[in-house]
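S.K.: Spelled out, the chains give:
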Amino acid sequence: MSANVVEVENLVKRYDKVEALRGVSFDVREGEVFGLLGPNGAGKTSTVEILEGLRTPDGGRVAVCGLDPERSGPRFKQEIGAVLQSTALPEKLRVIEALRLFASFYTRRRDPNELLKRFGLEEKRTAFYMHLSGGQKQRLALALALVNEPRVLFLDEPTAGLDPQVRREMYDIIEELKREGKTILLTTHYIEEAERLCDRVAVIDQGKLIALGTPRELKQRSAGTTRIEVRLVKPESDGALQNLDGVADCRESEGTYVLHSTSVPQTIVALVKHLEARGNELASLEIATPSLEDVFIELTGKRLRD
Amino acid sequence: MRHTWTLTKNRMRLALRNRAFIFFSLVMPLAFLFLYLGIISKAFPFGGGASVGPYLLAPVIALTVMGSFWGLSIQLVTFREQGILRRFRVAPVGPGAMLASSLISNYFLTLPTVVLEFLLARWIFHLDRWGNLWSVWALVTFGTVAFASFGLIVASVTNTMQETQVINNLLWTSFLFLSGATIPLPVLPRVVQFLALFLPATYLVTGLQKAVVRGTEVWHLGAELLALGAGALLAFFVSKQLFRWEPEQKVTRRAKVWAAATILPFLLLGIWESNRGALRSDAKATFDTMDERAHPPRPNR
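Order-wise, the sequence lines are chains A and B. Here the working numbering is used: the first residue of the first sequence is 1, the next is one more, and so on. Here the working numbering is used: the first residue of the second sequence is 307, the next is one more, and so on.
Careful: at least some of the hints might be erroneous.
Below, simulated DSSO-like cross-link-like pairs (lysine-lysine); rule was C-alpha separation at most 27 Å, straight line [unchecked claim]:
#, chain 1, residue 1, chain 2, residue 2
1, B, K546, A, K92
2, A, K137, A, K92
3, A, K208, A, K219
4, B, K315, A, K92
5, A, K273, A, K234
6, A, K117, B, K562
7, A, K208, B, K556
8, B, K315, B, K546
9, A, K219, A, K182
10, B, K315, A, K124
11, B, K315, A, K17
12, B, K315, A, K137
13, A, K117, A, K92
14, B, K562, A, K17
Coverage of chain A stretches by chain B, computed from C-beta distances (three or more under 8 Å per stretch; other residues unrestricted) [what the hints assert, rightly or not]:
#, stretch
15, 81-87
16, 258-269
Please keep in mind that the hints were generated in silico from the structure rather than gathered at the bench. Predicted model, so just to flag it, every value in this text is computed and none were measured. Where a beta carbon is used, it is the ideal one built from N, C-alpha and C, also for glycine.
Kindly produce the complete structure, drawing on both the sequences and the hints.
M.R.: Written out as structure tokens, the structure is:
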């Protein structure tokens, strides 16, 4: 059994009267990629910023590498690497200067030139920060987070706002770090990211941890149901689809009806008969195995992006 | 200490790449030099030109030194608003290193402008003296650190750039017009002269005028150096206490009390000066030397 690098116990955080975290508990084991999955405002960033020592908790206990982030000061900061959600560097700081500057703060440090090469920033070596694209800025942020060979890496929404291609590049980099055995805690609201990268996922909503397990374990919660997404030529609003054979649950979102079925053939036959009887037609139909999104919908009754 | 030095070098490099910095720290002070020594000096009743040059060079240097106040407050607020400070916060760097590097880099960047002003005053405006350069150096050093630290305090008690600019403008206007930096102190109404005794800018301007015009030695600038030195130390200490990494961190009531405490040395010194001090009479004596220089007494036959 691997040792815990991060320990969170009954964590509470309030902003005025709003309770952002309401007793969150989890551990991150050495060498695992742990994901905090939840919609915006769920409490992911508050959690990770408490772990980085940027915010003070109002209750509970946290330990990172056996240290209290708030009280251990520089000794704690030597052990962590962080990609923050909202941050920047001075506009006219060159890429290589940023790496050298941050490397100089640590006792354990990596060669900035090697990091440039690894993150594909060699061509941008002397470029100003202001002239980097979003993806390049994020790669530089990752390189800076690794400049001290951290024992644990915090990635707060590392791919938010990036286009799909750059996002996939970031996935490749994080997967490589995972293969190297880096301990990573990442927050995300992208299902694909959590499923692809994380060994274990904690689903968090409205400041509460509502599920925890490997992506496979979580998806087994939806075992026995298959997701059928249908679009109809004429919309239906009387809830009749909920009563079709085999349908355990039906929700509508932006014109798409998501049916969770315990028997796909039965449901499809019933659906076709139902539409014929009403003079309606299928515009599209898609059958998918359950995803973490389905788990989230089951647990919270809403979509991640709502 | 190592972090402070690394950050200082980095800040100096960034400042020299910044056009706004070049404008406000080099172009504008030199524009003031030409305005004061080239144009305003001709309007003085004491024969103008070289005879009032040393007297007017002092406020030009004072304005250069006081400019640190603007530069550092704006820079700190910008860094905080853009989230730059929070990136440093997750690294093992403390507020002390961040603030000290701002002050040291600002000092090293201000010094060449002051030297250039002296050289141009001598070469272009034919200044006949250097004044006491040790005294000028001491005043510039203490003054730069003090005014830069005041800027850091303003940045710590304001939340947005607009707020910072409003407070900076209020303070800057009083420094500019009530201290003798624009209108000579002895010419100002008595009530304003009294108010001026409570302003740090007055000690800088008066001290520089004494050092440049009369060549006053360092140990005869006690009140001026005490005011600026105590102000610098207290303001640096307070700015370290008030330092905020994030825009979301609230300005507490305690922080506002700390910020208000910065005026304490100037309040005490102002009270002492208004009762027993010689600052106003010194300023008058320095002002009068211009008249003596324009109309030197005839030798007895």
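S.K.: It remains to establish, for every hint, whether it holds in the given structure.
M.R.: Status of each hint after checking the structure:
1. Proposed proximity of K546 (chain B) and K92 (chain A) is supported: the alpha carbons are some 26 Å apart, at most 27 Å.
2. This hinted pair checks out: K137 (chain A) and K92 (chain A) have alpha carbons roughly 13 Å apart, not beyond 27 Å.
3. Taken as a hint, the K208 (chain A) and K219 (chain A) pair is honoured in the structure, with Cα atoms around 19 Å apart against an allowance of 27 Å.
4. Using a Cα cut-off of 27 Å, the hinted pair K315 (chain B) and K92 (chain A) holds, with the two alpha carbons roughly 14 Å apart.
5. For the hint linking K273 (chain A) to K234 (chain A), the alpha-carbon distance of about 15 Å falls within 27 Å, and the restraint holds.
6. The suggested pairing of K117 (chain A) with K562 (chain B) is violated, with an alpha-carbon distance near 48 Å, which exceeds 27 Å.
7. Between K208 (chain A) and K556 (chain B) the CA atoms are separated by roughly 26 Å; this keeps the pair inside 27 Å, and the hint holds.
8. With a C-alpha separation of about 20 Å, the suggested pair K315 (chain B) and K546 (chain B) falls inside the 27 Å cut-off, and the hint holds.
9. With a C-alpha separation of about 25 Å, the suggested pairing of K219 (chain A) with K182 (chain A) holds against the 27 Å cut-off.
10. Of the pairs offered as hints, the one joining K315 (chain B) and K124 (chain A) holds, with about 22 Å between alpha carbons and a cut-off of 27 Å not exceeded.
11. At most 27 Å may separate the alpha-carbon atoms for a hinted pair to count; K315 (chain B) and K17 (chain A) exceed this at roughly 44 Å.
12. Under the criterion of a C-alpha separation no larger than 27 Å, the hint pairing K315 (chain B) with K137 (chain A) is consistent with the structure, at around 23 Å.
13. Proximity of K117 (chain A) to K92 (chain A) is assessed by CA-CA distance (about 21 Å); at most 27 Å being required, the pair is judged to hold.
14. Restraint check: the Cα-Cα separation between K562 (chain B) and K17 (chain A) comes to about 24 Å, which is no more than 27 Å; the hinted pair holds.
15. Residues of the stretch 81-87 of chain A lying with their CB closer than 8 Å to a CB of chain B number 4, which satisfies the three-residue condition for coverage.
16. Beta-carbon proximity to chain B at under 8 Å applies to 0 residues in the stretch 258-269 of chain A; the threshold of 3 is not reached and the given coverage is violated.
Checked against the numbered hints listed earlier, the structure breaks hints 6, 11 and 16; every other hint is satisfied.
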